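Engineer: Please put together the full structure from these sequences, using the hints given.
Protein chains in written order, with the numbering used here: chain C, 1 to 462; chain B, 463 to 740.
Hints should not be assumed to be uniformly reliable.
Claimed, not checked - Incomplete in silico selection of chain B near chain C, CB under 10 Å:
no. : residue
1   : A583
2   : T584
3   : E587
4   : L594
5   : I599
6   : D628
7   : A633
8   : R639
9   : G641
10  : T669
11  : A675
12  : A697
13  : L700
14  : G703
Unchecked claim - Far from chain C, by Cβ distances over 10 Å, these chain B residues were calculated:
no. : residue
15  : F539
16  : G689
17  : N692
Stated by the list, open to error - Straight-line C-alpha distance at most 25 Å; calculated DMTMM-like pairs for lysine to aspartate or glutamate:
no. : chain 1 : residue 1 : chain 2 : residue 2
18  : B       : K709      : C       : D23
19  : C       : K27       : B       : E671
20  : C       : K27       : B       : D628
21  : B       : K616      : C       : E34
22  : C       : K9        : B       : D702
23  : B       : K616      : C       : D56
24  : B       : K709      : B       : E685
25  : C       : K27       : B       : E563
26  : B       : K709      : B       : D567
27  : B       : K709      : C       : E34
28  : C       : K429      : B       : E715
29  : C       : K9        : B       : D704
30  : C       : K426      : B       : E715
31  : B       : K543      : B       : E485
32  : B       : K616      : B       : D628
33  : B       : K709      : B       : E563
34  : B       : K709      : B       : E684
35  : C       : K42       : B       : D704
36  : C       : K167      : C       : D56
37  : B       : K709      : C       : D56
38  : C       : K42       : B       : E619
39  : C       : K27       : B       : D601
40  : C       : K429      : B       : D567
I should point out that these hints are in silico values taken from the structure, not numbers from a laboratory. Keep in mind it's a predicted model, so treat the numbers as computed, not measured. Where a beta carbon is used, it is the ideal one built from N, C-alpha and C, also for glycine.
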Amino acid sequence: MQANDVLAKAELLRRQLSSSFRDEIVKSLYAEAERIARRAVKVHGDRTYDLDQQIDRLITSPLTGLPIMLLLLAVVIWTTVEGANLVSEALAAVLFGIGDAMRALFVQANLPWWITGFVWDGVYRGLAWVVSVMFPPMAIFFPAFTLLEDLGFLPRVAFNLDWLFKKAGAHGKQALTMTMGFGCNAAGVVSTRIIDSPRERLIAILTNNFVPCNGRFPTLIMLATVFVAAGFQGWVTSLIAAATVVGVVLIGIGFTFLMSLLLSRTILKGEASAFTLELPPYRRPDILRILYTSLIDRTLFVLWRAIQTAAPAGAVIWILANLPFGSSNLAAAIASWLDPFGHLLGLDGVILLAYVIAIPANEIVVPTMMMMYLGAGMMVEGPGTAEAIRTLLIGQHGWTLLTAVNLMLFALLHNPCGTTILTIYKETKSVKWATVSVVITLGTAFLVTFLTASLARLMGWA
Amino acid sequence: MPSKKVSLPSDACQTCPAYAQLEQMGIKVGNFDRVVALAGNPNTGKSTLFNALTGLKQHTGNWPGKTVTRAEGGYQFNGVKYKLVDLPGTYSLLSASQDEEVARDFLLFGQPDCTIVVTDATALERNLNLVLQVLEITDRVVVAVNLIDEARRKGLEVDTRTLSRDLGVPAVPIIARTGEGLMTLLTTVAEVIEGQIVTRPLRVSSTPEFQQAVSELATMIEELLPGIPNARWLAIRLLDGDTRVQKALLSGELAEIVARQSQADVQFSKKIALAGRQ
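Structural biologist: The following block contains the structure:
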């Protein structure tokens, strides 16, 4: 008895059966389900007023659906910006205060300069930056996101965006996986398993990185607050900052569609497939569970990962900045070597070097950059404040609005972090697709920043 | 995670010897006596039930597709240790998407001692399509009718007695969020496993010619792969021209999976349960 015999027999039997036997199986299944359900379920006459449907009529309407989603996104981001600024500054003050005090103790104890430098200017400062810059936005964003998830809002987002994805030749459920990407791109990539068609799943995987994850939100928020919103006073500041971040997110979503379209017209040709998506009822969220999931599982998980990479990154930067090379140090030498290329993109060598060091985790780009700018020096005004950052970057390192804008674009579009690349490899089981994911994102980032920089210079804006 | 005793708001007293007790075992599923699978349509509360029984904090979310891999945890009930496997939600067992395949493969080859099919009381008819398909694969099934509170608010009343009688397997009303009905559910699962409740699952009858073809082919499959469970279901899939099952048969994967499922996959899934996050 061979496997082939069984298949041949199946083939033979199938031909003997009437051609409609499949439909008959499904039909009898459905008929049976209906019969049983009718016997078991009693419907009471007084059906209560259906609030769900009323809300859905608003949220999924072609007219009001998209504006409501946009408004919700803006509210979440504004809350994050507003709340994070307060906490970040306080946290930075405390953490850097501790660092300074400990450093002074080390100096007093006459420990060798390189121990003091390595521990407090390298490793500790990297950690303090990451915690004070990253923790506050995450602790606000994740609970807000989890709340929307629990309410049942996500499938409605997919419902509203379905036609756009279909136009791009992609799967409507990509809206769900894209939304998951806001939390973490690696998680977004894993969630693409809900997409049946391998072609559309690949599109969803390759474009997931175009929405900023929680590791990149702090970078965007900081740049938007310190540079774009700096010219404004009072309560408008956080509104402008939030609007800027929303704008960047929308650009990211725009690139998601554009790249999906491009892929489905070139290397991943095909038609969008149809699917059914259930809109679950709205459910009363369980606040305690939301706090647990978002704070313990998400925030602390991401923060811990960032801390694990920040400590070695801090050490690497300190060593690079203190190894003599020519007339200066190794970090400065590499940065100045990268400078011409960075300039072409409206950035500079330090920023590019920071991105190379931060490949394991995007979260640490800004801290890495700051530490390299600072070198062995110390910030005068207390490093956490927007004022101090502006003085350092604009005053001492020649940043312009173009640098800030292009850095935001670069942060949005550049290659996925190490974890995400690894996840893409695991999900696709292919080095080729993991490489493609890096090439298209990095290519887009280079191209876009190059174009904006050239345009700005041509028009005399920068 | 330390095991801890919880006092779920239980209805233990109406159903069982007063000492029935649940101990959540988290991920300590090293040595278990029984394996119970959780299947069901997407977004019916499988993960909520999973968390309530195991004490784990598997992510739940109010959208279909939240669970894409299987997660495992343990609980102890009346001194018996159970391993609970939370499967991704699926509308049918005929489709080819990866999350649905995870569910299908486990039901087929994991040979759980009992399968709990979690159904949404507010949409019972659609949910029953999957229940009927699961009944094709395995005899030992308990149907958990979840969200009866939501159904009640919508003016729907589910008569689980009639449902049990029609399906030939027990149906238990529960509210996974509050823990209502869980004690009855666990007692029922235990009784099905120990054979105190004998199930007579409804097999949807198609045409006599089809039934004849199925049993002929099933006999051949059993000859080819002695000890394979669900030969009948595999026969149906082959008659339907399911390429995934054809391939699995040709490549020897079917035979292999039967042997392998119990070891390597448990390791893998334990890691997922340990991470508890996606």
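Engineer: Each of the hints needs a verdict: does it hold here or not?
Structural biologist: Hints, verified against the model:
Proximity of A583 of chain B to chain C holds as hinted, the smallest CB-CB distance being about 8 Å (cut-off 10 Å). Hint status for T584 of chain B: holds, given a least beta-carbon distance of 7 Å to chain C, under 10 Å. For the restraint placing E587 of chain B at the interface with chain C, the shortest Cβ-Cβ distance is roughly 4 Å, inside the 10 Å limit, so the hint holds. For the restraint placing L594 of chain B at the interface with chain C, the shortest Cβ-Cβ distance is roughly 6 Å, inside the 10 Å limit, so the hint holds.
Annotation: I599 of chain B was flagged as interfacial toward chain C, and the flag is violated, the nearest CB pair being 14 Å apart, outside 10 Å. Hint status for D628 of chain B: holds, given a least beta-carbon distance of 5 Å to chain C, under 10 Å. Because the beta carbon of A633 of chain B sits about 8 Å from the nearest beta carbon in chain C, less than 10 Å, this interface hint is met. The interface hint given for R639 of chain B holds, since its Cβ lies 7 Å from the closest Cβ of chain C, which is under the 10 Å cut-off.
Among the interface hints, the one on G641 of chain B is violated; its C-beta lies about 13 Å from the nearest C-beta in chain C, farther than the 10 Å criterion. For T669 of chain B, the shortest C-beta to C-beta distance to chain C is roughly 7 Å, which falls under 10 Å, so the interface hint holds. The interface hint given for A675 of chain B holds, since its Cβ lies 4 Å from the closest Cβ of chain C, which is under the 10 Å cut-off. Checking A697 of chain B against chain C: minimum C-beta separation of about 8 Å stays under 10 Å; hint holds.
A cut of 10 Å between beta carbons decides the hint on L700 of chain B: the least distance to chain C is about 4 Å, and the hint holds. For G703 of chain B, the shortest C-beta to C-beta distance to chain C is roughly 7 Å, which falls under 10 Å, so the interface hint holds. For F539 of chain B, the condition that its CB be more than 10 Å from all CB atoms of chain C holds, with the nearest at approximately 23 Å. No Cβ of chain C comes within 10 Å of the Cβ of G689 of chain B; the nearest lies about 14 Å off, and the non-interface call holds.
Look at N692 of chain B: its CB is around 15 Å from the nearest CB on chain C, clear of 10 Å, so calling it non-interface holds up. Note on K709 of chain B and D23 of chain C: the hinted pairing holds, with a Cα-Cα distance of about 23 Å set against a maximum of 25 Å. Distance restraint check for K27 of chain C and E671 of chain B: the Cα-Cα separation of roughly 16 Å lies within the 25 Å cut-off, and the hinted pair is therefore satisfied. Taking the CA atoms of K27 of chain C and D628 of chain B, the gap is about 18 Å. The hint holds against a cut of 25 Å.
Annotation: proposed proximity of K616 of chain B to E34 of chain C holds, straight-line Cα distance about 19 Å (limit 25 Å). As the CA atoms of K9 of chain C and D702 of chain B are separated by approximately 13 Å, the hinted pair is consistent with the 25 Å bound. Distance hint between K616 of chain B and D56 of chain C is fulfilled; the C-alpha atoms sit about 16 Å from each other, no more than 25 Å. Between K709 of chain B and E685 of chain B, the direct Cα distance comes to roughly 18 Å. Compliance with the 25 Å bound is thereby established for this hinted pair.
Of the pairs offered as hints, the one joining K27 of chain C and E563 of chain B holds, with about 23 Å between alpha carbons and a cut-off of 25 Å not exceeded. The straight-line distance between the Cα atoms of K709 of chain B and D567 of chain B is roughly 14 Å, inside the 25 Å bound, and the hint therefore holds. About 34 Å separates the Cα atoms of K709 of chain B and E34 of chain C, which puts this hinted pair outside 25 Å; it is violated. Proposed proximity of K429 of chain C and E715 of chain B is supported: the alpha carbons are some 19 Å apart, at most 25 Å.
Between the alpha carbons of K9 of chain C and D704 of chain B the distance comes to roughly 14 Å, so the proposed pair stays at or under 25 Å and holds. For the hint linking K426 of chain C to E715 of chain B, the alpha-carbon distance of about 21 Å falls within 25 Å, and the restraint holds. In summary, the hint linking K543 of chain B to E485 of chain B is supported, as the alpha carbons are separated by about 9 Å, within the 25 Å threshold. As the CA atoms of K616 of chain B and D628 of chain B are separated by approximately 24 Å, the hinted pair is consistent with the 25 Å bound.
Distance hint between K709 of chain B and E563 of chain B is fulfilled; the C-alpha atoms sit about 14 Å from each other, no more than 25 Å. Using a Cα cut-off of 25 Å, the hinted pair K709 of chain B and E684 of chain B holds, with the two alpha carbons roughly 17 Å apart. Distance hint between K42 of chain C and D704 of chain B is unfulfilled; the C-alpha atoms sit about 38 Å from each other, more than 25 Å. Of the pairs offered as hints, the one joining K167 of chain C and D56 of chain C holds, with about 24 Å between alpha carbons and a cut-off of 25 Å not exceeded.
Restraint check: the Cα-Cα separation between K709 of chain B and D56 of chain C comes to about 44 Å, which exceeds 25 Å; the hinted pair is violated. Between K42 of chain C and E619 of chain B the CA atoms are separated by roughly 5 Å; this keeps the pair inside 25 Å, and the hint holds. The hinted pair formed by K27 of chain C and D601 of chain B meets the criterion: a straight-line CA distance of about 22 Å does not exceed 25 Å. A C-alpha spacing of about 20 Å is found between K429 of chain C and D567 of chain B, which places the hinted pair at or below 25 Å, so the restraint holds.
When the structure is compared with the earlier hints, violations turn up for hints 5, 9, 27, 35 and 37 and for no others.
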